[in-house]
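S.K.: Listed here are the chains, written in short residue letters.
There are 2 protein chains.
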Amino acid sequence: MQYKIKGEPIRGSRKVYVDGSQNSMRVGMREIVLSTGSCPVNNPDTFTVYDTSGPFGDESQTVDLTLGLPRIRQQWIDDRKDTATLPGLSSEYGRKRLNDATLDELRFGHVCRTPRKAKDHPVTQMWYARQGIITPEMEYVAIRENQRMELNGGESLMGITPEMVRCEVAAGRAIIPANINHPECEPMIIGRKFLVKINANIGNSPTTSDIHSEVEKSIWAIRWGADTVMDLSTGSNIHETREWILRNSPVPIGSVPLYQALEKVNGKVEALSWDIYRDTLIEQAEQGVDYFTIHAGLLREHIPHTVKRVTGIVSRGGAIMAKWCTVHQQENFLFTHFDEICDILAAYDVGVSLGDGLRPGSQADANDAAQFGELKTLGLLTQKAWDKHVQVMIEGPGHVPMHLITENMEMELKHCFDAPFYTLGPLVTDIAPGYDHITSAIGGAMIAMQGASMLCYVTPKEHLGLPNRDDVKTGVVTFKTAAHAADIAKGHPGAILRDHAMSKARFEFRWRDQFHLALDPDTAYAFHDATLPDEDNKTSHFCSMCGEHFCSMRANRDVRKSISQS
Amino acid sequence: MQYKIKGEPIRGSRKVYVDGSQNSMRVGMREIVLSTGSCPVNNPDTFTVYDTSGPFGDESQTVDLTLGLPRIRQQWIDDRKDTATLPGLSSEYGRKRLNDATLDELRFGHVCRTPRKAKDHPVTQMWYARQGIITPEMEYVAIRENQRMELNGGESLMGITPEMVRCEVAAGRAIIPANINHPECEPMIIGRKFLVKINANIGNSPTTSDIHSEVEKSIWAIRWGADTVMDLSTGSNIHETREWILRNSPVPIGSVPLYQALEKVNGKVEALSWDIYRDTLIEQAEQGVDYFTIHAGLLREHIPHTVKRVTGIVSRGGAIMAKWCTVHQQENFLFTHFDEICDILAAYDVGVSLGDGLRPGSQADANDAAQFGELKTLGLLTQKAWDKHVQVMIEGPGHVPMHLITENMEMELKHCFDAPFYTLGPLVTDIAPGYDHITSAIGGAMIAMQGASMLCYVTPKEHLGLPNRDDVKTGVVTFKTAAHAADIAKGHPGAILRDHAMSKARFEFRWRDQFHLALDPDTAYAFHDATLPDEDNKTSHFCSMCGEHFCSMRANRDVRKSISQS
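Which chain is which? The protein sequence lines are A and B, in order.
Numbering follows UniProt numbering, with no gaps: position 526 of the first sequence is 526.
Numbering follows UniProt numbering, with no gaps: position 529 of the second sequence is 529.
Next up, chain A with everything else stripped away, as it sits in the complex (with noise of 0.2 Å):
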């Protein structure tokens, strides 16, 4: 295992930092590079884009893994002075883990850890939000979502101000995942008023992966753009895997704390019980998850609508937890227990998204009984959440087909309240394994573009098979594309300014500037390069696309001289 890897912007580019108005806020961003040197209009020499690689895209920074990130956050959080270190681990099952020596080789433990907890209130940025409190959390956001527009050509700042985001997050329409126990983490913020986020899910498997290539993907995927990263580990030693990636971890980090407990109970369903699930949340907790997704909506009512869909269900949380209540003959118990569960994330502020343990794994199912009853129970749950600070955000398509997606969304925020959508997809079709990036990229940028907030990526290995590095970077890039479609459509000006600057250099043959203003710098050289490698073609005036003569490009400088003559 390589432990200490040496920061590597994007091709082209470089890391940058705005300063907040506190001394140790730095917001990362990364600037591309422009070489403006022949160009017939005059351009920017740089364009500065929204970064979520952290410290792995900063060249001056090296970063050793068994050190973890720097605290960005711990003094913000010591500051506020209302939580405290706690003597040691809650969760019986953390501590156990940290007692058994023949771990003592896979742990994250060269630094020693104590976790943190609320102290007299929550400690939620909902919580702040509503006391009027701006925390340097909010401004990290605003100024992040601004991505130094001004120099890039905007006149706007979009209305992101600190207090805008203190707003949207008191209101409950956007979220700033960011656990206590996770001071590393660059604050971002989920919503209808900000940047489309996307999602990457990595993880182990019962047979496959080890610890190293869960923190590899984990960087990976934050390279190419996932804002947050959800382990999704269901293999072994998961406890130490998580805490590996959480130290490294400049992004919110999810996880669905069922597949934990049921992994604790050596995957038999009806031996679950809220005890073991109850432990596990607070370990996961005081590790530093940001958010969990606990499929506390499906009810036992809702069973029977899925036994006529053709493809039942097909959420891993929802098949276990409708197996748990069928077996039990009782209410799904993270139901029943929704008050203490939000009362343990309230105290190290994880933010919970409302698990759709009933969203469609067919086009046949879309938009049924099942789905909209769950998603209504969701609406309840995100009223008792609020009620204790905690933030909130609804998990939801699946497959859908295209023409129903806008019921899915409109239906999401009539009856969750304007809660931030978080959804998979949704697929538009079910006939294409192998290219379910893309069916589901189609159904991700139509639903983002109505307000979805989030996105969960889908890689082309979805129905067949665990991803790889590969996948795993096509699966982001792609989603960074539909959330980057739905940004554009839904007027934001940042995003806008990236096409236009784009589309200049195209149109103005700096090839450079266009391999290093793409998503994926990399493919756009190897593409190019695959028919035209000669240094010189990278400033010639056509491609291999089209050629000299039929260059349209070339054919304008004629028509404009003309008519500017004429």
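Simulated from the structure, these hints should not be mistaken for laboratory data.
Treat the hints loosely; a few may be bogus.
Computed Cβ-Cβ distance ranges for the label pairs, DEER-style [claimed, not checked]: (1) B/T406 with A/V307: 50 to 58 Å; (2) A/T336 with B/T406: 31 to 39 Å; (3) B/D522 with A/D104: 42 to 50 Å; (4) A/E8 with B/D522: 29 to 37 Å.
Using N, Cα and C, we set each Cβ at its ideal position, and we do this for glycine too.
Based on these hints, arrange chain B on the given structure of chain A.
M.R.: Using the frame of chain A, we list chain B on its own:
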């Protein structure tokens, strides 16, 4: 060059034929063989899908490229007795190439072919339709569109009958591109009430490709589902290349005659003339090209609107004609000679695809005065063409942000009187070179859902270089996905049934059936087998994505069992 090609259906399927009402009519389809042996619920043994592969997808056939495909339409054309075999080629250029002995080696000349031409009246499918005649071509497409739905479990024939096809063609709402000199072509229909079609562009460029590789690309494109192929060659020997492609193409071939006309004057736009263009039209019409893209709607008055655009004119044809108008200070000769053009097209039944020379090349230029000014002119030209009984489709989009797509479709329907809309993408962002098959599949699916009848594919190499064989496949499968998603959203029962069959196979762990029902079985197999290569795993009740305990599909079993027992 390999001249004999043994037919090979896509993995897991075989060619079947449905007889028409006339002895000689056999409509080819692809029958997917389902292995329903051990599954819990009864399923059909086969599922029939639309097939564009012609004899190349029939394992009982071997195609000798030097002889070309069987002329399945020849008898139908002969029976109409309204065309005459010409004594020789009418075009000067065609004769020159034929008499050039140095080309003998390249020439598709093993079969002596003389062209046919109308005798006394237009011989277009539109003319017949307006006379109340149901041609064999119309019957063929009606059978073809229905995909043996009754065997697939569908109840309705969705009203697609030969008479309904005739009606749509007569009204100009649909076209059947079928040149009388392309008797090898299997009839297909492009129109809003039918399955959404896709086009694949192939063609050499001045620096790359030979005849063989273009023929190969064309066969490869139709294997994966291209409904038409446009030969956009701009390199050497394009007359001979086109002949090889046509004689071996079971799908309609489109072209942009302007490209070849420009080659004939060595790329000097100022030297282009009506005479050279006219000769090119006749040359290609007599070879059998089924539709021509003609940029007749770009008028001098539109050109000043492009000057302030970010990316000016990006259509190759558009840029050529704008330059010609500017240099000569004259109106576009394709516009001024449009009636003569239509007379030529009507004599061979070449459809006209009215080119969008002013389509936007960047988000910034979408839906502007240049684009919509030209679109209105295309409406005028549509009426002129219809007056001559020429079949028409309208080309559209390019780069258009999602929120401006609907206006494009509405404007087209309004100004072009419901003529079929044939769009490139649209690409919904400019910043994803290397992923533009995806940016355009997003826009393509959306505009097709709203009524576009055919989508022009975009490959991952768009904006970067000439696509290779892999890029062609990726482009075709991606656009089949987008078109299919639109078919579902439009409520096409045949499309919906396939998703249903796929999802049922998925839920029943019939892995092979899933792979075979997929748009690309080879990729589905490869991705699955990357982690679970053993044959056993083709029947296991989980895959490597979630593993055994976390397989939601598996958990459903238990839930359903419990519910049915309780």
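S.K.: Compare the structure with each hint and give your call.
M.R.: How the hints compare with the structure:
B/T406 and A/V307 have their C-beta atoms about 38 Å apart, which leaves the hinted 50 to 58 Å range violated. One distance hint, 31 to 39 Å for the beta-carbon pair A/T336 and B/T406, is violated here, with the actual separation near 46 Å. Taking 42 to 50 Å as the suggested C-beta distance range, the pair B/D522 and A/D104 conforms, at roughly 47 Å. Range check, A/E8 to B/D522: about 35 Å between beta-carbon atoms, so the 29 to 37 Å window is met.
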